[in-house]
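Counting the sequence shown from 1 gives a position; our numbering is that position plus 294.
Just so you know, the hints here were simulated from the structure itself, not pulled from any lab data. We treat Cβ as the ideally placed atom computed from N, Cα and C, and that holds for glycine. Just so you know, not all the hints are guaranteed correct.
Stated by the list, open to error - Label pairs and their calculated CB-CB ranges:
(1) 675 / 584: 26 to 36 Å
(2) 415 / 586: 40 to 50 Å
(3) 412 / 625: 30 to 40 Å
(4) 498 / 675: 21 to 31 Å
(5) 646 / 623: 18 to 28 Å
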Amino acid sequence: MIQSSHDRHCRRSPLRSRFRGARLALLCVTAGALLVSGCGGDSADEAADTHPREGTHRKAQAAPQGLPGMPPLLDPHDLYAADRPNLLSPVVKDFPSRVYVPNTESDSVSVIDPRTYKVIETIPVGAQPQHVVPSWDLKTLWVNNDRGHTLTPIDPATGKAGKPVDVHDPYNLYFTPDGKYAVVMASMDRELVFRDAHTMRRKKTEPVKCKGVNHADFSPDGKYFIVSCEFSGELLKVDTAKMKVIGQQKLPFDGAMPQDVKISSDGRTWYIADMMADGIWVLDGDKFTEPWLMPTGKGAHGLYVSRDSKSMYISNRGEGSISVLDLPSRKLVEKWELPGGGSPDMGGVSADGKVLWLSGRYDSEVYAIDTGDGHLIAKIPVGAGPHGLAVYPQPGRYSLGHTGIFR
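With the hints as extra help, turn the sequences into a complete structure.
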């Protein structure tokens, strides 16, 4: 049997052998900028060098001209300015708060009520669901049934699943910043497949010369994105408008296995988690020169930015810990250990920013972690092989995909 992404070279676990198939002022946001990009099915109207420290003082400057159709940044120095605590778009403000957990081995999605820390429903989906992904317009959650070759839509207003849509090898899913296209990370097919963001009809297929296209994030102007290739230890740079790979490099570590990708809040530095190098790669995305490695912990995997844009949480799946990176200083400032260990994987931050939610990939559980001091609030049993859970709704004007990258 072909193994799916993340299932190879993992820490020893009774479940390992069972994984198959391979952020104008903020007070004006709600009345203005949120409304621009959060509504309807159409795209919104159109609106350097790496520094050693993200907090370095810079003169005021206009936001760079972005990808045509992309909503302009609220703050050119903070990509996550629209993601402040509880700053919900009008589109999602009435949605019930839930945590949607795809159980890869159980072919289901566990739905958790974050107020009670209990599973309130289990939704059957297709084979090997990997991630739950918010759509660009915030109206739909897409369950990526990788080996079932379908996407299951969930209405976050009602929590009900709709009719699956045929999409081949949808290991992960992203959306271009203009809202026009979905980008399917077809890991085993070795393709980036650009599809209509609403109908999911195929528009263009870009074959790739690497193995295991996996995670991604977009540049501040939306004109390119960086992709990790986990099985060949490589990175790709992709031109968004041309839908074409324009750069490729091998990571300088034997056996590298890059995972989550996240750009810094100031938009000048990229971070790529690597579960075999046990740390995060620090990359200049514009220059796309060789990155350097910052050790964090065994099995570094998921990357999540705090609601004040100052911290990044790094899940170290192989040792049951979460490292905290101070983004302005680019220094690791804390490490939170899960009591009794665990396998913290993918997830997201609560709307108020007080709780970090992570799946326990090899322990059939989900962790709720206090972002104030790192203590474990709850450990919630779910199905087998929980993976890319989505906390929803979250602040932001639109989604770039994965388990929730919001701008």
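We went through each hint and held it up to the structure:
no. : hint                  : in the structure
1   : 675 / 584: 26 to 36 Å : 43 Å, violated
2   : 415 / 586: 40 to 50 Å : 45 Å, holds
3   : 412 / 625: 30 to 40 Å : 37 Å, holds
4   : 498 / 675: 21 to 31 Å : 42 Å, violated
5   : 646 / 623: 18 to 28 Å : 25 Å, holds
Of the numbered hints stated above, those contradicted by the structure are hints 1 and 4, listed in ascending order.
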